[in-house]
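Residue numbers (the working numbering), protein chains in the order written: chain A, 1 to 284; chain B, 285 to 452; chain C, 453 to 1208.
Some clues are possibly wrong.
Footprint (simulated), chain C over chain B, 3 or more residues, beta carbon under 8 Å [as the list claims (entries may be wrong)]:
1) 285-291
2) 326-340
3) 409-422
Computed list of lysine to aspartate or glutamate pairs in EDC-like fashion (alpha-carbon distance at most 20 Å, straight line) [to be verified]:
4) B:Lys-316 / C:Glu-562
5) C:Lys-1085 / B:Asp-344
6) C:Lys-1125 / A:Glu-25
7) A:Lys-46 / A:Glu-62
8) B:Lys-316 / C:Glu-721
Note that these hints are calculated values from the structure, not bench results.
By construction, the Cβ of each residue, glycine as well, lies at the ideal position given by its N, Cα and C atoms.
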Amino acid sequence: MSGKQYYRPGNLEQCLDFLAENGRESVLLAGGTDVMVDMRAGEIDKSWIVDISRLPELWGIELQNGKLWIGAAVTLTELLNSKLLQEHGFALHTAALHFAARQIRNVATIGGNVAHCSPSADTLPPLLVHEAEALLAGPCARRRIPVGEVAAGTYRSALEPRELIIGFELRPRSPFLADFQKIGRRRELVIARVNMAGLADMDEDQRMTGVRFALGSCTPVPRRFADVEALLEGSRPGRELFWEAGRLAAENMIRMSGRRPSFVYKEKAVQGLVYRMFSPLLEA
Amino acid sequence: MQGNEQGLVDISITLNGREQKVAVPADMSALKLIREVLGLKGTKEGCSIGECGACTILVDRQAVNACLVFAPQLDGKDVQTIEGLNREPRFQALQQAFLDRHAVQCGFCTPGLLISVYALLLEEPCPDRDEVIRSIAGNLCRCTGYHQILSGVDRAINPDAEWRPDVG
Amino acid sequence: MNLVYQTVGQSIDKKDGRQRLRGEPLFSADLELENALVLKVLRSSKAHAEIESIDSDAASALPGVVQIFTARDIPGRNLMGIINKDQPLLVVDKVRSLGDAVALVAAESETAANAALQAIRVDYRDLPAVFDPQQALTEEAPLIHAEGNLLCRRDIIRGDIHAGFAAAAVIVEQTYQTSFVEHAFLEPDAGAGYVDSDGVLVIHASTQNPHYDRSEVSGVLRLPKERVRIIQAATGGGFGSKLDVNCQGFIGLALYHLQRPVRLVYTREESFLATAKRHPLTITMKSGVDSTGKLTAAKVRILCDTGAYGSYGIAVVSRAAVHALGPYALDNVAIESLGVYTNNPYCGAMRGFGAPQAAFASESQMDLLAAELGMDPLKIRKINALRPGSVTVTGQKLEASVGYLECLEAIEPYYQAAKAEWLPAQVPEYRRRGIGLGGMFYGIGNTGTKNPSTARVVMDQTGQATLYTGCADIGQGSSTVLIQILAETLGLEYENIQMVAADTGRTTSAGATSASRQTYISGNAVLDASKKLAAILCSLGARQLKTAASDLVLRKGQVQDRRDPSRGISLAELAALARKQGIELFGEGRFDPVTTSLDPETGQGDPYATYAFACQLALLSVDVLTGEVRVDKVVAAHDVGRAVHPENVKGQICGGVAMGLGFALMEAFEPGKTESLKDYHIPTCSDMPEVIPLIVESEEPSGPYGAKGVGEPALIPTAPAIANGLALALGERITTLPANLERVLEAGLKAGLFGA
């Protein structure tokens, strides 16, 4: 007997009450695909497993008040099946397409993917370019934080032990270019070596506007790269420009993470992938 | 809900069409429950971390890796394993198609693979090659190189389908 | 001559296929033995260290722990290995690699067993370790085994390489490197056992060679062979790794002492940590060719890192040497192949035994030579191809069933079309296309050593036949093929043939399921047994039909007059008659391929009775911005002698291409780092190219119905074809496998392809 205990609250209020008391000894379970692996590896020493997968407050994909709401317990398969997401969050939809494998997509949740704080989380770059906010519920109050601030570091959450993510609000966009790109050692069922998301509109003058770019798997926490966005914003698509954007992304990656052995590859691959992601605009 | 006095969690599942109540440890995987507690050995354990698909089962008609699901999460769910599906005519037709196309070698990945295909066919009776590939990419097979498997799926979708060498 | 057979050449339903599709066969981990203890192995956390002490007192005292065994508990010879015995079941005084077995725990539950593993205290004294085979050969290198770090060497010397190189118009020299590869069969190793009422230790295991397991286990336990019975459980792939004794010895040891049922199931992590890998080879190859494209000489040095133990290392060293130069005629060669101990994980058999690594080198060389000559890669292969009458580098004259040219010809239309149409097609600016050829030959069976198989066919009083064979079908389909051979020979319906396989208590040895030997060697043993039974049936029939036995044939469940099929008598009738007359209806068969051992100095000899040949063509595209490779198509032509079961052959080819693609592009086991399938990637369905299998049948006169083998050949040409395709696409050759993201991107960079 492992001494672990299981609790499944019926609604959010029950959950918060429970966490108020036992938050520090609890691990939250939504899909379970990461929790199970970590637990098997002996990396979870909490005594309570709190199953939040059936909290109705964490469900649903909706457009409300000009925002795209995605509940934290929405599975990757649900993301993939969502017309709304395809229309207003295509980059995230594409990420869901490349996420792990079908059996995992069927149970893994977007909230879990974010809360696990993996640097390679596939949903993070798209959420970042959609300027998503994570809605958190705690014992006293709800709060919202930029999705990039959920992780305090690699596999380290910034959330209070008594808090949980109930969902995300994305800025809905359906720009000219909305994409997610991923390099892995094989085509499916793979953790990203590099992943990234980008959004860009084109104005009447054929200049890029509303450019957003985020990179994953290369920095301790996935993040947007403001200077890459600034470089592209207001410019006309061009080979050299995109190549320079890629170089800048790679340079920033190294500045933020220090030189690592893997960066011999990643420095080039990031540059190349940025180019590849934006290159459809060359024909615009 | 939470655990009983013994620290076990009482769950109720519909397993292969029959309602079943069982008390499980909080951190037990669905795979352990199925194989070791319920004694159903057709679900295979290949990696225990969701990287091979040999333990694929249906939960509410969706394919999932039993090794990644906590047994208490199954509470109230409809669970189907190969033993139950063996009785389903549509599943049998899929098995026959696999047999006809020599899609089984060692047979260890086979139950999981069949279930992944079956889950897809429940949702989409005539999927295209890409959908099939994407639905079974989480089921590793080291023997066949997947072609005869895809050929088997083709045959299940359309019994007159010819052998096709391409994957997509 | 194309004979029409009833069963041979038909893709009949797989033996037990339906059960496998229903998830019914019991794999070792599925076996439930009443009251069985759980076994777990404590494994070394050090690569090279002396064991100062093992303290298991605290662990033994834990609730549920039954006993903890160390080397001291082994009653017999604590050394294992099919060729050389150097691997202890449980280490004695030192560990030689990570994962070495230190102690064995028997407990009432998995939890208790795991707790015991945690509680055993081992004091190690670190020893200097060596992980590089070249360094391991130096004088200052730490000794891994007392006899020295050189496991073995194989030289092949033929002709005069100085004269050969002098006659060359072009000489190329290159060093090639491959990586540790994990078999990654889907079923992790497992076994379970009990002691039967006669005191026999019965062990069910996931294995490729039950009879070898029996001799090893009985040796370790110092028991007569009859006291150990190995039964192959359903086996979820092996690919060479399940040729070693993995779980069986531990189960035997626990049974010996405890006389209680036990089970041992490796986790995937343990399977990665504790079982054999494919040898990484360092191959330096210098090849010369004259201006007409004819090879004139080759000098080869091969270094095989066998890790801490020999396992099948000696076979790999030898086979790598024999196959070093591929399916080409060459008069002047000097090949030196060394097997070296290091503190790396031990390496053993894996699909191809060194030939896949060698083919990567030699086929790369063929393309390099062709490029230097400005010659088409297909042409240089044709010019040098082994053909009937050719002499191999070991001096063996090939007489028949030399189908390499036929394979090249089968590939040619696809190759020409790819060159003319596919290659020049417009693709995005950052993609490059390439096509590449890979050729191979492969000796069927063990290298220059005896490797017999036996079989027994018994007919009961109703005319039903049962085949008894030691041959372990590990998924590839040998059971189906052996039944086909029996059915064909006795004129029976295959559905009615019973089979008892791979059980040392009931079958005689068929040798290992390795070296692509079961169709050819065990197939011949079954053929022999069937023919002997057929002779008995014909002589019985002759008396009944009042005709000469030589005029009779077995067909459709009858003994029939060859000239007048209406004159016949059913086997059921004959069987009843035989019973009345007290005649036992059975045939015992044996086959050992005719080979000679290789000369220890020159490596000359006839190491194999027959060879398989193949050529594959790969079409691929490379993303030069990221190093991603997409193999679009593989055309695979294989000379299998005769395809007894064509769909099985296709299955082997497609499976081999998949494994070859992994070897080429993504698979590398890094000792001390790689843990499981999370960080060791094998191809998924979506990584697979289109595969077009082309079966070439250059009949082997000594094969059963002309058959040879295909299991390993299927994989061998894939990596070289991909490597050659990459070289064409990138204009830069990758000489280290896998050609992963990093290496491909780097090659593109070198070639100046990385840019906007």
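State the violated hints by number, sorted upward, taking the hints as numbered earlier in the document. 1, 5, 6 and 7
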